[in-house]
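Colleague: All chains should be modelled from the sequences, with the hints used to inform the complete structure.
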Amino acid sequence: MKYELVAGFETHIELATKTKIFCGCTTQFGGEPNTHCCPVCIGLPGTLPKLNRQVVRYGIMAGLATHGEIAEISKMDRKNYCYPDLSKAYQISQLYAPLTIGGYVELSSGKKIRLHHIHIEEDAGKLIHQHGDTYVDYNRGGVPLIEIVSEPDIRSIDEAREYVEKLQQVMRYIGISDCKMQEGSMRCDVNISVRPVGSEKLGTRTEIKNMNSINNICKAMEYEFERQVDLIESGGQVVQETLRYDDATNTTSSMRSKEDAHDYRYFRDPDLVTIHVTKEEVEEIKSTLPELPTEKCKRYVDELSIPEKDAQLLTKYRNISEYFDKACEGVKSPKTVSNFIIGQIFSRVETEADKEVFDVSVSPEQLNELVKLLDSGKIRNNLAKATLEKMLDSGKGALEFISESDMGGLDENAMIELCKQAVESNTKAVEDYKNGKEKAIKALVGFVMKNSRGKADAAAAEAKIKELIG
Amino acid sequence: MGTIAKIHEMLTSKQCSCTELTKSYLEEIEKSNGELNAYVNVTGDEALKTAEKVDKKIASGEEIGLLEGVPMTLKDNLSTKGIETTCCSKILTGYKPIYNATVWDILQSQNAVMLGKTNMDEFAMGSSCETSYFGGATNPFNTKHVSGGSSGGVASAVGANIAAYGLGSDTGGSIRQPASFCGIVGLKPTYGSVSRYGLVAYASSLDQIGPITKSVEDASIVFDAISKYDDKDSTSKGYNGNTYSSLNNDIKGMKIGIAREYLDGVRDDVKEAVLNAAEVYKSLGAEIVYFDLPALKFALPVYYIIACAEASSNLGRYDGIRYGYKTEHYNGTHDMICRTRSEGFGEEVKRRILLGTYVLSAGYYDAYYKKAQNLRGTIVKAFNDAFTHCDVILAPTVPMTAFEMGRAVSDPIETYLTDICTVPVNIAGLPGVSVPCGFNAKGMPIGMQLIGKSFGEAEILNAAYKYQQAAGENFKDTKWGVKL
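Sequence order for the protein chains is A and B.
Throughout, the working numbering is defined as the position within the first sequence, counted from one, plus 979.
Throughout, the working numbering is defined as the position within the second sequence, counted from one, plus 7.
Take these hints with a grain of salt, some might be off.
With beta-carbon atoms standing in for the labels, derived distance ranges [what the hints assert, rightly or not]: (1) B:G89 / A:S1232: 43 to 51 Å; (2) B:D342 / A:T1230: 26 to 34 Å; (3) B:R358 / A:E1274: 53 to 61 Å; (4) B:N338 / A:E1259: 53 to 61 Å; (5) A:E989 / B:Y371: 20 to 28 Å; (6) B:E335 / A:S1232: 32 to 40 Å; (7) A:K1265 / B:E335: 55 to 63 Å; (8) A:K1265 / B:D238: 26 to 34 Å.
No lab work stands behind these hints, which were simulated from the structure alone.
Here the structure is a predicted model, which is why all the values come from computation and not from measurement.
For glycine and all other residues, C-beta sits at the position ideal for the given N, C-alpha and C.
Modeller: Listed below in structure tokens is the structure:
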């Protein structure tokens, strides 16, 4: 029998607010243990939380960027569980009335992975095990998170990978998180089950907790898919449980069974008031959102005639697409700008990390100037390419490398004169062309280009030469 | 004249210095606290330091505020920076907060002289002060009787004149009930009018800080001082009024409502005293209106479900890791937390944590907690309706007078029932003030409460003040403490 994978994601994303969700402490990563703390975020008796409105704003941005509906009224709840890294023995989160409802993430195939909701909550501190002792660091306690909960719409490892990448891309675009999985600012739990292809019924699911890289997510899902299929094939049953993934052995193992599952005893947090979001506020936030990558990519293809593959490269990171947008202002051929970026510039910005930052020595305005010289026919492609190399080396503008005499096309008479010379001094090539060797014309055009120092219009020269040869 | 005004006059007219006054309070505490057990921590050095500051101010001819230099006390669940704040629980022994409760910030900035922290039921859970880890505070009228709870220590100290006034907290009657038992005045303000920041939480949606005083005008002065908007408390609204200036307003034509349900099951002597008070009001020109408030029958179960649910969550943080008591011998983190909590909490606290955990558990949430929340709405609405018939509601504070020490411990359910008249006000978030209105045959004080509309403190304090003017004989001094 053939089996199908069914998966849904719970993705935690740390928000890039300056201060924590319920107090004024910094959210900076790292720092000496327990130095980014105050009575509120270490939960001293008698302290009270005060909601950081920026967290609500970022949550709304995430909701809008994933096409969700923003709740006019949402509430904070307490999720009660006891663990040393949780200073109040409850996490303030949202269960009964989350900030945003529904929405989706669209994959490149056009398939939409539906979202159940997005809620805001606080992060916990962390335990440090050292020399046989356990220490607690509450610096991360109270750092704001959103949790994006998807429907079980994912059907393959590839879809899973793309879903996570897309989320990461969108959240970075709107600037609410750096989504660094290795630093824990993006963490995924995956709910996974299998069923015979064609079946509508969902199988029993397991949950793989806290994975910290996209590769590990894919490997863990692959392992878990096969484990579940093998289990069913051999007559066994999948048990609902929470698993951890060990990347050293590439296996999953049980953390706790359904029977041991926590009863979080959620209830409305009486210390916090109802969160009201007005339609005006939503509209205002919507108006500040940047164009999102999927829409941007479509626009590049449809309106700027950029090939889809190139458009994807240009929109992968917000900095690149913004660079491209600026460099394109007023140019006739955006494709030329795209070619320069993907070709010459990318060859100098090789790693993904560098591409994300996209700190290039040539400014988009400088590139824009160069392309406009090309557009106006003042310089030719070869010269432009060579100039861009020099610009990238030096960070200087195009005009530093192009003299007055380089600019301005060749006047018609001079061009005709050069074509005549080409025909006269290359009798062999002329002969070959007459004998049907089409390619021989290239040598004649090359003569014209060389002697005009690249200023001649190659197409016009070719036409003229053909005319001369007859 | 109220105690606060009297002390203010003594200080400004230089009848005595603040240091002398503070010393005499400290001496009286020394003499009587053995029997009253009102204070669990006397902070004499700090008190004298503040007193000296006030004396310097007076000596230099500077004006001083009404509360400046007045010796007072705080219930031991109000956070005081650098001063042990234990909630009278073993689990918080040794815990010294690193910040002040907002109310203490306010009073400290007005040079209030804090004599020490006073006794209470452990984590404010109790109605007799006897669940305190340090043993209960006794009643100044008869030390064989309880002071009431949970703010028993404050009530005992104020009733015995070993503090001019004090701040308590009221979750289900913890200010009004001990005030009633000790023959003094206790105001539970509207939810949101006094910042809860720094009040160690019992049940967050019900807790409210308020004054316990010898007279209505004192309650009014203290309330006006502490009811400020506080940005640190999201539920804080502050109080944009001045109750003190509206004391002694005419109450002719004021409609005072009596809900029949409030008199059900109330002991005869208490009922009689409350009805006598109604007569006093009539003579002052008020109109007495009787009405029904059937929703009251839900109040007690709703209170115990909501309060315990919130408490089970609020008290989860006491695990021995960061502060307070920690068990000595353990095997691993889980074992340490279990032992610490088992050894650190008293019986009543454990009972309420278990009850609260139960009502929030999967499968029981809808049947208990959710239902209680819905009924809470019903009760709120019932009070709103009631206030279309009347301006204030008159009711007994407690169905009885202070019982003997030891009884509450032996019968927790009967003790829960003593809260029946006080909890509705907390559920509805309304203000209520308890005022002495008589004595029973054994000479134990009886209290009545006046319940107001939301943020109607000025109205109930005025009505209470009018009563105090007309029936001053019910405001009796005890043999204890400083004679001003």
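Colleague: Go through the numbered hints given earlier and state which of them the structure violates, listing their numbers in rising order.
Modeller: The structure conflicts with no hint, since it agrees with every one listed earlier.
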